[in-house]
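**Q** Residue numbers (the working numbering), protein chains in the order written: chain A, 1 to 153; chain B, 1 to 727; chain C, 1 to 295.
Since the hints were made in silico from the structure, they are not lab data.
When the alpha-carbon atoms are kept at most 27 angstroms apart in a straight line, the in silico BS3-like pairs for lysine-lysine are as follows: (1) B:Lys383 - B:Lys424; (2) C:Lys252 - B:Lys721; (3) C:Lys245 - B:Lys721.
None of these values were measured; they are calculated from a predicted model.
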Amino acid sequence: MIRLTVNGQSHDVEVPTYRTLLDCLRYDLGLTGSKEGCSVGVCGACTVLLDGKMISSCIALAVFADGREVTTVEGLAEDERLHPVQQAFMDAGGFQCGICTPGQVVAAKALLDAIPNPSDTEIREWMLGNLCRCTGYYKIVESIRAAAQPSRA
Amino acid sequence: MAHRIVGQPIGRLDGAEKVSGAALYSADVTLPGLVWGKALRSPLPHARILRLDTSRARALPGVLAVLTARDLPDILVGRRMFDMPLLARDRVRFIGERVAVVAALDPDLAEEALALIEVEYEDLPAVFDPIEALEPGAPLVHENPGAYEGAPPERPHANVQSVLRFKLGDVEAGFREADHIFEHTFRTQLAHHGYLEPHAGVVAIDEDDRVQVWASNKMPFRLKELLSHALALPPARIRVNLTPIGGDFGGKGSLMDLPLAYHLARVTRRPVKMVMSYTEELMAGNPRHPSVITLRTGVTNDGGLVARHVTALFNSGAYAAFKPAPSVNLGGSSMGAGVYRIPHLLIEGFCVYTNNIPCGHARSPGEPQMVFAEESHMDMIAKALSLDPAEFRRRNLLRDGDVLPNGHHLEHVRAKETLEAALKASEWSKPKPPWIGRGVAMTHRHIGVGFTNAHVRLETKGTVTLTIGLPDTGTGAHMVLRQVVAEVLGLSIEEVQIELATTDTFETDSGVGGSRVTHTGGRAAYHAAEKLKEQIQAEAAKLGTPDASFATIAQAAAREGRTLEASHFYDAKAHGAVTSFTAQVAEVAVDPTTGQVTVRRFTTAHDVGTIINPIGHQGQIEGGLIQGLGFALMEELKTDEGRISTLSLGDFKLPTIRDIPPLTTVILEDPVGPGPFRAKAIGEGSISAVAPAIANAVADACGIRILDLPITAEKVYFALKAREQRS
Amino acid sequence: MNAFDYRAPRTLDEALASLQEYGDDARVIAGGTALVTMMRQRLVQPRCVVSLRDVEGLGRIEARNGAVRLGALVTHREAETSPLLQERLPVLAETFRRVGTIRIRNMATVGGALAHADPNQDPPVTLIALDASVEIQRAGGRRELPIAAFFRDYYEPALEPGELVTAVTVPLLPPASGASFIKFLPRTADDYATVAVAVTVTLEPDGKRCREARIALGSVATTPLRGRAAEALLAGARLDESLVKSVGEAAKGEVDPLDDHRGSAAYKREMSAVMVGRALTQAWARARGAAREAE
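Bound-form chain A, shown alone (with noise of 0.2 angstroms):
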């Protein structure tokens, strides 16, 4: 039995030891909003913040995240409202086939906290795990770049 804290909603969940923690959140919690893409943790469509870090989740243990916080893509939008960087990706084209946006965005949101006014630079070198096949990723900095100042873009 392990106790997460999931977008500031606690559960108490009871997992065998091998489930990893995007099949406890996707199975076990019915948060499929993170995604499993190439299950070694490479392209980010697992991204998941962990203690407000992010993490890939396809090769973390549930039990690992026991006792601690999880935010995944559905505890960004606050009371019905996109955040920032889900309302730009919309706005720019930063996304198209969607499936690795979720991974996108926790990333994206977890670099605006941490650097509120990115350098270019500076997004490519944090968004550089989470792979997009159908952008080609020039709309995904514009995206980024929108939300960081609205004014720049």
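Position chains B and C relative to chain A; hints supplied.
**A** Relative to the frame of chain A, chains B and C by itself:
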């Protein structure tokens, strides 16, 4: 001509579900009692199955079913040619072929069960190289492929799946007219599409004994037909429910694991979910065909193309089942003629059986392979003739009235304008320091044809609902369709909503792909909206209030028990007379001490029709281009004797956000397309010329000509070294 | 993954006791990026996983007797962003920064990376050039091992059953020193190195001759290694282009690479020479700068 909504850079209003994680893709679908299916795959490229013992797997607690070929009807599946068993019956033909399948309470238990299945194999002689596969006496992958349903008749060798030819004039006569003849051979690599959502599907048999399917498949109506065939069930028993798809790029049109999920559902009487791991995708996910392409071209002294003979061998792997074209071949071979007028032409494309991973369609099927070869070949000829590569192309570009190798006559040809635009924007003639190079390459891409049903309904609140059976693969097509309907009806974009059909809603739809959706989906939506507009105007006239709001009109009709709605089935029968040209220039730096190639900047020029959504349009250009970059520089499924060693994204590398070059896009918009408001297509226009533009730039930078993809630092380094040692 | 027992000890002694109890059937997990990936691929199937997550006292970065000591549970990201490390051993902070992506670095630990002993990793290369030593503990004992002796073979660290890496101690460089780490990855920005090189150079006080140099290479053998023959050419020497070239060639002779997805053995050999040359030139320039500052 300016429109009100069409042409506006409207963001992805349909994106709230995606950015919030609420959108349910196939792997997210869950049903009460759902169990997990997993497939056991062959470790050998060609072998007889001597013994298959599933008893230990069956005994594992939490395992509900284990099936082998013996438990299934002897039906072969495919998309056009039906040569693949659901589970290997007594013989496996590639590493990764499915041998057994299990259903268990969770995916880890399913994997555990697979490890308990015992299989004894006896090796059979295997063949991996397409040239060797065509030699007399080569091991046969299939003894009698001509007997398979859907097999094309021509078969010069039992290891040939299909042959596709394009012919103009008399190529031998043409060569006799030439002053010089050049011949070069190129190779391209095995490469997966790289979509980040592995194939996933859920199959459930409901209380009415209907088969409910949720699948990452971009042509749900065709899927229904194929399932009907594979499961030997009448089509009416099957319903495909559309889900958003996490990237397709040509790779998600086959049955994949769905028939197996059905049989597990049938036997366990539970809904079954099967999700491929990324390793399974890289091992068995119908990737892009590798190629060996030889071009032989005859030119006159002043650089006029007179004759060309192209032979392409596509290493198609163990089954033809994944190719959807009636030819069971790759139409992209027609790009062997490039964007040029060549009076005498013969292109022969062979899809060859080998004991490798079966390949399928990938973005612009056959074109990135053929265009790499063809546009590199053009530069090599230009060099031999001491002609500027741009000038050599200029002298031979297609013009209005010319015929393409596939018989299409062209109008509104802007090849020259597109080339000039790319050259200008890239500063083609600007002097460069040593080890910096520029390369140009061109291609063209048709507007696809197909058929789509669309239905529009006026709601009592005055909005319009568009029902469409085209799944969302990410391209932004649904926004395009909404804009089309909004434009016709004079509504705002928010007043038009999409309702996704199921395969119960409409008779048919050719689905997503082939650069056809803006055309066929757009025209279906356009004409349905036009019909609705007429009805609305008629109602308003009846009411005597021509300026009545849509809501008023709808409510008036509702009071009489009527709904204003209209349908249209659009079937684009033949390719029109237009195509879309692309010209690209790569500027690269080569590091002489390591061979590393860096793309300093990239220019892409596109001859397009009316742009309906500029943001989505540009997104397609950028996405395709970076896929082309990956294909040129880093993507490679390394394979040796049928064994793929790059089995994760840690080894099969896709471009990252730090790999993208500064990009300049030039758009030449000309409202001459067959799509709504004279739109053309854009989804597959930017990928094919990237690799040759880069290869040509590398040759310009350092004189090294790389003939096989990907262009790696190592290849350039050793080529530079070899040249140094020769001098 | 297979089913396994999970232990989450709160003290090092508890952890070591669990390891002794389970012997070969147990695997230690720190950040888990390597272990969980291997378990998901069924490459390892331990009966017990002992997590160090809650073990106190292994997560510190501290200055100590002319060295920096990194506890085994310090994450790559903590090392990369540590003001202490950035100030005292910037080449090491920079090396940690080059590993994978931020997500990996948020989880992967210093100790875990060493115990994994993957010859394609980056930090061991710089740690070898800095002549670090590894602190190892087991139930009832501890020992220190110079890092160059820590890597036995491909994925085989010099750890006996029941032993844990508990810290790495990295001596500071003497005055008039410079260091450089180069990760050569020509394919894409997120990859293992084709070749990785770390060089430290300490000059005589006059800033002209080399007093001591250390060269380490990674991704070029079944373990990271010291290029001692290459180093020997630098003792007492003044740097010029031909020496840089000779040192590179000597390093090339010491490596024993295998073909892998980042390059053929032949290419890795060539790039060993090139990258040693580049790292040496950069380290030497930094040493000259340090020598001038000290004047």
